[in-house]
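Colleague: Listed below, chain by chain, are the residues.
4 protein chains.
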Amino acid sequence: MPVTPEQQAEIDALREAPRETLRTVSEGMERHLYVPHQVLDHGFVRVVDYMGDDAAICQAARVSYGRGTKSVQNDEGLIRYLMRHWHSTPFEMCEVKFHVKLPVFVARQWIRHRTANVNEYSARYSILDREFYIPAPEHLAAQSGVNNQGRGEVLQGEEAQRVLNLLREDAMRSYDHYEAMLAQDDNQQGLARELARMNLPANIYTQWYWKVDLHNLLHFLRLRADAHAQYEIRAYADAMCRIAADWVPAAFAAFRDYRMDAVSLSAQAVAALKRRLAGEVVTQENSGMAAREWREFQEVWG
Amino acid sequence: MPVTPEQQAEIDALREAPRETLRTVSEGMERHLYVPHQVLDHGFVRVVDYMGDDAAICQAARVSYGRGTKSVQNDEGLIRYLMRHWHSTPFEMCEVKFHVKLPVFVARQWIRHRTANVNEYSARYSILDREFYIPAPEHLAAQSGVNNQGRGEVLQGEEAQRVLNLLREDAMRSYDHYEAMLAQDDNQQGLARELARMNLPANIYTQWYWKVDLHNLLHFLRLRADAHAQYEIRAYADAMCRIAADWVPAAFAAFRDYRMDAVSLSAQAVAALKRRLAGEVVTQENSGMAAREWREFQEVWG
Amino acid sequence: MPVTPEQQAEIDALREAPRETLRTVSEGMERHLYVPHQVLDHGFVRVVDYMGDDAAICQAARVSYGRGTKSVQNDEGLIRYLMRHWHSTPFEMCEVKFHVKLPVFVARQWIRHRTANVNEYSARYSILDREFYIPAPEHLAAQSGVNNQGRGEVLQGEEAQRVLNLLREDAMRSYDHYEAMLAQDDNQQGLARELARMNLPANIYTQWYWKVDLHNLLHFLRLRADAHAQYEIRAYADAMCRIAADWVPAAFAAFRDYRMDAVSLSAQAVAALKRRLAGEVVTQENSGMAAREWREFQEVWG
Amino acid sequence: MPVTPEQQAEIDALREAPRETLRTVSEGMERHLYVPHQVLDHGFVRVVDYMGDDAAICQAARVSYGRGTKSVQNDEGLIRYLMRHWHSTPFEMCEVKFHVKLPVFVARQWIRHRTANVNEYSARYSILDREFYIPAPEHLAAQSGVNNQGRGEVLQGEEAQRVLNLLREDAMRSYDHYEAMLAQDDNQQGLARELARMNLPANIYTQWYWKVDLHNLLHFLRLRADAHAQYEIRAYADAMCRIAADWVPAAFAAFRDYRMDAVSLSAQAVAALKRRLAGEVVTQENSGMAAREWREFQEVWG
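Chains as they are written, first to last, in the working numbering: chain U, 1 to 302; chain E, 1 to 302; chain A, 1 to 302; chain S, 1 to 302.
If you're looking for bench data, these hints aren't it; they were derived computationally from the structure.
For clarity, every value in this text was computed on a predicted model and none was experimentally measured.
Because identical chains cannot be distinguished in the list, a pair is counted as satisfied if it fits within a single copy or across any two copies.
Listed next, the in silico SDA-like pairs over lysine to any residue satisfying Cα-Cα at most 25 Å (straight line):
id	residue 1	residue 2
1	K274	Q298
2	K70	R256
3	K70	T24
4	K274	S264
5	K70	R84
6	K70	A55
Bound-form chain U, shown alone:
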């Protein structure tokens, strides 16, 4: 269970105490505030604070004195224009702060996105909990045969069982020994926390506060909610996509159309499509594309 009763009580207390503010309010986001969305077996992502909404993007783009937005339709058109033409600065005017609980190997991928603020739970200072990510059977995938960096079929039967047993037993044993090394009693002084943690495997859960502006959040989501991302980080990105869609519906719709569901065509691909539209038959040989790029081209265009 990702949240204890005591933690849930703290969250409930926060949700029962609305206050007055003169700031912009996103009703869609207020519904999410503090509520943990479960991800993987013991993880979650939840919104702790936010700044701005769709209107704030337009207000900044127009450098306005007041609310600075016009009709909903006019604002949506502006947001789509900004997104289409890579005018990223107005989207940077919205900010969100998440509290995330996630396995260490996911955290290591996540942190490569540098334009964000992070406070992580410190295993130098505190003792980590006994919580490890163990994949659900349907996510226990074999190594891909064609892509070094990908997954193949789901493991079955005995092999799946063997793997799950190894992951569980190693996690438990490592944690037992972590506690044993830390223990302070007649028998021993106890190893420093900053050293004992090195015995813990990368599927142990950590947590952090992660704060990011909307432009950089969308960049993160484009890469991490993508089919090429590792499933475990994609599960977090998917949850954050749902939250962002409620927070800034117009910006998120534009993001979906111009980024997530968009296709980038190389100079060669543009030429190939134009020739096809003109009725020509284009092959890899006469396309100017290498084999791998041609394969990627065909996946979209047949």
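Since the structure of chain U is already known, use the hints to place chains E, A and S on it.
Modeller: Just chains E, A and S, lined up with the frame of chain U:
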């Protein structure tokens, strides 16, 4: 006057429409929201939005599930500890968005602080207003004789009058010609806005939305509210110091004690002070400091 | 003339003194080192230092102990793969430092690219030279009638002459007054440099050292060597494209194919093209695109 | 042994092939190029490339056309002035690229410094080696009794032996199971690499290319070569300090005097020292300092 009646009406409308939120609220900051604080002759700085408060710093430092703060005294102690030991990440968890109207030569200094988000009024797209910074007589300073990058005495009498006349006349004439070049009538097509603007001097006012986290705001204020900063940008920094003190009183007090009013001693200065405490007489010659550093040392320690 | 004989002598001295190094060397870039490439009437861009080459991109992508590159063909394929799939970190492993002389209004656009290092000539500390950008007749464009942020036809005849005269006269007069306010003689103390500079228009030349990694340079070039960028900054970007093509030929070719000459299709545009390929007639009405987006679509696809 | 004979051969090949360049060369740094400096039991840090030297700092500060440096003494004075007054941009004009082999728990601390470029060995794509950090007996420290985030005495006798045995056995067993899960044979398909890695503890070694400018390197070293940093990352920082001292001797000496060996005094500490210099006896009670700050004050000033 920095704000027109129409703009003031927009601001008033925003201040009269409080809404409910589940987010952290800083009462001190709510009082500032949208209100322009005049700076220089036609400039201002005003808060357009914010995220977080003193408690949010502690909450992030503790990676908490709920509010995460303890007694006020306990929280203050934590904030002072974090500031003293350069733990900057919890301060990054607060964010503020300003709307600033400022002369272009001030904007050029300001923008050198890169870790912030900016949307500036576009003189490619729109026509700038006829507003120029003309220094008040008491800020019309002579070049410093000892510091290439500083000011000396205030100019007096005829010289002061001559300078003010030149600044005013050149500003007006440049703007007249800016308008003349843009004009579209029977006589002419009108020069492109993106070209015509090049005729405008650096004391013309521009405006922008500027968003920054608290850590980077304090870094900006340390350098720009400092006695060595140019007066014109310091005037903005001073106004922002007053706002920050109302927003996050504990963090700002710690910033004052450990940054603004703090003194950094070089290895040589530490040694010199220890010798003085031991009753020795230290001179520049036996201090290991160069002449200029010794002068800076004496300014603090006599 | 952008460079004085004394400056040219300094540049020549540097080019005549090769030294030994164990670092990676790009022969294409060595030819550019220190040589100013003229841009606009008095500006230039020149390479002052660089780090890395095409091979360094592969070496980093492979986290190698030695040179880490394989055959030229293999390396090129890797670089194209990295570019196509937005793996930006290996491109960040090359770095370049430019010395640029440019009008202030161009500098103000340029500096909005934040992920770079800058040292600008200080007009607080030093006195600026009497050098102003005056557009060549063929770049003296009228305001666009359809795009607020664009240029229309080139101004002709009397209007062109009037504009050029105004720009020249205002520049000269502003500079005369700048000098007059700074002058220190029997008659006056001289205004502080940091104040006097505010009288100078935005077409005065400044200069800076600008250092950036290859990934961020290419991002800058994508936006600033684009047809929608203002001509004056595009002139710099074009010169830098030629330099980059000599420095990292494989990376620049990939950049050209996957960024500069690439086309990004929205979800709606993908659907429209697929329908066209299937023989359907697509109109704006049944495309799901707004008028402006449809116009942009037609510009590429007819 | 941190480097295999094959890797050493690659390194030797690079060091035996000097080339000509027109760039600035730091003789002190050329001696370090490619050579691994051992850190901890299996780690290393080595310079792979660099840009700039002490003179490049002055050249940028002066925005020069040629070398831009004056006498060595004059340049040193400028560098010390820049460092003392927090003028950081000239130091950003030097850049260095390291190849580092380090335990994962050290990498996790290291990556919190965001203003740098990183390419890490990918355990999604490749299989990690069987190399783990096991502390030397003299670094096997107990948890500190007074500082949650610190170390106490070195563990002795049986307890030390128990800890070392646990660390070694768990590392070996985890790696055995990692290999077992990956294995592809008649019996099994083999778990995806991106999943199998989650079984590996945080003392396994990883490696990366890390590129950073001199200003940000010095900031990293100030925090990580400090007595409060965890020993294991300090060992890397110490090695990098020695390299930096050879690369930019003047900048590093200034860094030592004004940062590493400097002391920052709060407003309260300044007041307390002034009273002491005036012969007064200052106690915690009348100092305005909290107990912990007073203790820190006494550690320096007695």
